[in-house]
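Construct the entire structure; sequences and hints are all you get.
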Amino acid sequence: MSATTESTRHRHAPSAFGDDFRRFWNLTVTLATTDFKLRYFGSVLGYFWSLARPLMFFGVLYVVFTQVLRFGGDIEHYPVYLLTSIILWTFFVDTTNACVQCLIMREGLLRKMRFPRLVIPLSVALTALFNLGTNLIAVLVFALASGVELRWTWIEMVPIIAALAVFAIGIGMLLSVLFVRFRDIQPIWEVLSQILFYGSPILYVSAQYEDFEHAAVMANPIAALLTQMRRAFIDPYAPGLISATGGGLRVLVPLIIIAAVFALGLWVFSREAPRIAENL
Amino acid sequence: MTSLTSHPSAAAAATATSAGPAVSVRDVRKAFRLPHQQYSTLKERVLHPFRTTTYDVLQAVDDVSFEVAEGEFFGIVGRNGSGKSTLLKCLAGIYDIDEGHLEVNGRLSPFIELGVGFNMDLTARDNVMINAIMLGLTRQQARERFDDIIAFAELEEFLDLKLKNYSSGMTVRLAFSVAIQVDAEVLLIDEVLAVGDAAFQQKCFAEFQRMKEAGRTILFVTHDMSAVERFCDRAVLLEKGRMIDLGEPAAIGRRYNELNFGRTVHQLPGDDEERFGDQEAQIVDAWFESRDGERIVEAAHGTPVRAVIEARFHADIDDPIFGFTLRNQVGTTIFATTTDLTHEPTGSFRAGETVVVRMEFQNMLVASEYRLTPSIARAGSGADALDLRADLATVVIHGGHFTGGVVNVPHEFTIERGG
Numbered sequence: 001m002s003a004t005t006e007s008t009r010h011r012h013a014p015s016a017f018g019d020d021f022r023r024f025w026n027l028t029v030t031l032a033t034t035d036f037k038l039r040y041f042g043s044v045l046g047y048f049w050s051l052a053r054p055l056m057f058f059g060v061l062y063v064v065f066t067q068v069l070r071f072g073g074d075i076e077h078y079p080v081y082l083l084t085s086i087i088l089w090t091f092f093v094d095t096t097n098a099c100v101q102c103l104i105m106r107e108g109l110l111r112k113m114r115f116p117r118l119v120i121p122l123s124v125a126l127t128a129l130f131n132l133g134t135n136l137i138a139v140l141v142f143a144l145a146s147g148v149e150l151r152w153t154w155i156e157m158v159p160i161i162a163a164l165a166v167f168a169i170g171i172g173m174l175l176s177v178l179f180v181r182f183r184d185i186q187p188i189w190e191v192l193s194q195i196l197f198y199g200s201p202i203l204y205v206s207a208q209y210e211d212f213e214h215a216a217v218m219a220n221p222i223a224a225l226l227t228q229m230r231r232a233f234i235d236p237y238a239p240g241l242i243s244a245t246g247g248g249l250r251v252l253v254p255l256i257i258i259a260a261v262f263a264l265g266l267w268v269f270s271r272e273a274p275r276i277a278e279n280l
Numbered sequence: 001m002t003s004l005t006s007h008p009s010a011a012a013a014a015t016a017t018s019a020g021p022a023v024s025v026r027d028v029r030k031a032f033r034l035p036h037q038q039y040s041t042l043k044e045r046v047l048h049p050f051r052t053t054t055y056d057v058l059q060a061v062d063d064v065s066f067e068v069a070e071g072e073f074f075g076i077v078g079r080n081g082s083g084k085s086t087l088l089k090c091l092a093g094i095y096d097i098d099e100g101h102l103e104v105n106g107r108l109s110p111f112i113e114l115g116v117g118f119n120m121d122l123t124a125r126d127n128v129m130i131n132a133i134m135l136g137l138t139r140q141q142a143r144e145r146f147d148d149i150i151a152f153a154e155l156e157e158f159l160d161l162k163l164k165n166y167s168s169g170m171t172v173r174l175a176f177s178v179a180i181q182v183d184a185e186v187l188l189i190d191e192v193l194a195v196g197d198a199a200f201q202q203k204c205f206a207e208f209q210r211m212k213e214a215g216r217t218i219l220f221v222t223h224d225m226s227a228v229e230r231f232c233d234r235a236v237l238l239e240k241g242r243m244i245d246l247g248e249p250a251a252i253g254r255r256y257n258e259l260n261f262g263r264t265v266h267q268l269p270g271d272d273e274e275r276f277g278d279q280e281a282q283i284v285d286a287w288f289e290s291r292d293g294e295r296i297v298e299a300a301h302g303t304p305v306r307a308v309i310e311a312r313f314h315a316d317i318d319d320p321i322f323g324f325t326l327r328n329q330v331g332t333t334i335f336a337t338t339t340d341l342t343h344e345p346t347g348s349f350r351a352g353e354t355v356v357v358r359m360e361f362q363n364m365l366v367a368s369e370y371r372l373t374p375s376i377a378r379a380g381s382g383a384d385a386l387d388l389r390a391d392l393a394t395v396v397i398h399g400g401h402f403t404g405g406v407v408n409v410p411h412e413f414t415i416e417r418g419g
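Residue numbers (full-length UniProt numbering), protein chains in the order written: chain A, 1 to 280; chain B, 1 to 419.
In case anyone wonders, no lab produced these hints; they're calculated from the structure.
Because the structure is a prediction, the values reported are computed rather than measured.
Here are the simulated lysine-lysine pairs, BS3-like style, with alpha carbons at most 27 Å apart:
1. Lys-203/B x Lys-162/B
2. Lys-112/A x Lys-164/B
3. Lys-37/A x Lys-162/B
4. Lys-112/A x Lys-240/B
5. Lys-164/B x Lys-203/B
6. Lys-112/A x Lys-212/B
7. Lys-164/B x Lys-37/A
8. Lys-112/A x Lys-37/A
9. Lys-112/A x Lys-162/B
10. Lys-112/A x Lys-203/B
Dropping the structure here:
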C-alpha cells in the first residue's frame, strides 16, 4: 500500500511534498499523461496541431528574417537554430503559462482531496516536457535533413533541457501560488515573458564575449542555455556558454540564477501549500 | 402497528470510547476570512502597500471536540452552512486548522467526495485507473482490482464509453465502486447517498455494513437522518460551527429535525402561498399532533399521528367537506382523504363559528419530511373550494427501516417449504 501510516499528528494540512514519494510521483505522472492523452487523442490531428503552432511561428519568422530582412546568412544552419530555439522557448513559455492557472484549473481536486500540492505544477511541467519530446523529433528530422552532423556533444542537450525545465518549474511554482492571491499575475507574466523572448537569442544568436553589457545579457538563463545549445547541437565552432560569458566565474551567473529562482519558487510554494485549498 | 425503530447500534454507542480513538478532535476552530473585494491584484498591492484589506471573519468551525473510536461509524450532521463539510476537510487534511488539536490514527482515505478527478472526456476504463491511483493504489494494484470495481458498479458493457455519455447515476456507481477499493482505515465521506437509484443505494448501504464489520472507522457527513439512524453508532450535530449535540443517532436525528423544521410549522404564510377558494370559510391553522393532543413537528415511524385543521366560517355552510392531503418532499401525494369519503355529513355551520377537525392515521410513513395541505369545500363533488392552503404544516418522520419505498405497509410473510 502506498499511503503511509500516519501516526499521531497535531496538524495535517497538505504540504508541498507530502510524506510518500511514490504516491507523489504516481500522481504527477498520472495527471501529466492524462493531460497529454487528452491533447493528443482528443482530436484526430492531435500531434499535428501541437506541432503546428511552433512550426507556423517558425515559418513566419524564417520567411521574415531570411527572405525579407536577409538576416542570418552568415550564421551556420540558421533555420535549424531558429527552429530549435523556438521549440525550447515554446516548452518554457508553455510550462510557465500553464502553471499560472494550474491551481485554479484543478480546484476540484485541491478542495476535495488530500495530496501533495506540488503535484499540480509538476504535472503541468511534465506534460510540457512530453510535448517537447515529440516536438524534438521534428527538430531532429529537420536538423539532419539540413546537414547538421550527428555529434557526441548532442548529449549535452540533456542537461541543457534539464536546466531549462528547472528554471521553468521554479518560475511556474512561484506564478501558480501568486495567481491564487493576485489575479493580475497573468497579464504581468505575459508582458515579462515577451520581454524575455526578445531579450534572449531566439531570433538572433549571441556572439563572443565583448563587453560588460554583453555579459549582463548572458546572465539571462535562457540566453545562456540557448547559446550552449547552439554549440553542442548545431555548430561546434560557435561560441558556447564559456566564451559568450567571458569565462571565469561569470559562467556560473546564469546557473546560479536558475538555482535561485527554483529555490525561491519552492520556498514560496511550500509556504503557501497548506492554504491553497481555502484561498482558491 | 408496532414501532419498527430498532437500534442495533445503541450498545455500540456506549462502548464507543473504550477503544483507543481513531480520530480525536479537541477544541478545534477554523475561521475563513471573506475579503470584501472579490480578489486583490498585485497592482493594488504595489500602489497602496499600506492599505489594509477589509474582510469578514466567518467562524466555520467553533470549538468542536469529540473522539471517534476505532471501528465506529460516526455521523456529522447539520444544516447547510453549519460547518460540517469544513470540519471534514480539516479532518481530511485539506484545510489547516487555526486552533485546537486534531489527531487521526491510521491511514486516512484521501477523498472526501466521490468521483473526484473524474474526467468527462475519458472512458470509464481510463477514469477508473486514474481514480484508483489518486486513491493511493499503485498502477499494478489498480489493474488487479479493475475487474472487481467494474463488476461492483455493474457497468461491464459501458467500459469504453466516455464518462460524458454516462448518466449521473452510472457515474456515481463507478465512483463509489472505486472509492471502496481504498485501503484506508479511516474513511471520510461527504454526502454520498444523495444520488443513485434505490437499488444501488441499498448496495452501498450493504457495503457500508461490510466495512463497519471489517472494523473500519467511517466519518460520514449527511443530511439524510434515516441513513444516520441506520448506520451510525453515534453522531454529532453542528449548527453555525458549534457542536450542539453529540450522542445516539436517533436523538441527534430528532434534534436535527426540530432545528430544521421546527420553525417552518408555524411560519406565517408568505405572499407566494398557494391558496385557492372563495374564503367563505377560512383555514386558520393546521398542524400535526400526537395522541396526547400535543403539537409535534416530528414523530417516530409507527406512532399514530393526527393531522388537524382549524377553520372559521364567514357564511352559513351546510355539510362542508374537509380534506387532508399529505405530500412528501418531492411533492408526491402519499395519502389523501376527505370527510365525505369516510364520514357522515359534517353538519351545518353558521357564520363566525370555528371548527377543529382531527384526522388520526396509522403512521406507516417511512423516514422523511411530509407536508399537509388542508382544504375545505362545499358539499357536492368537492370541487367547489372554500379554502385550500398548500403545504401548511410539516412533520418529519424518523426511524423505521430504510426500504427504498414510500410507505411501510404492515405485512407478514408466510414461507412454505415445498414437499
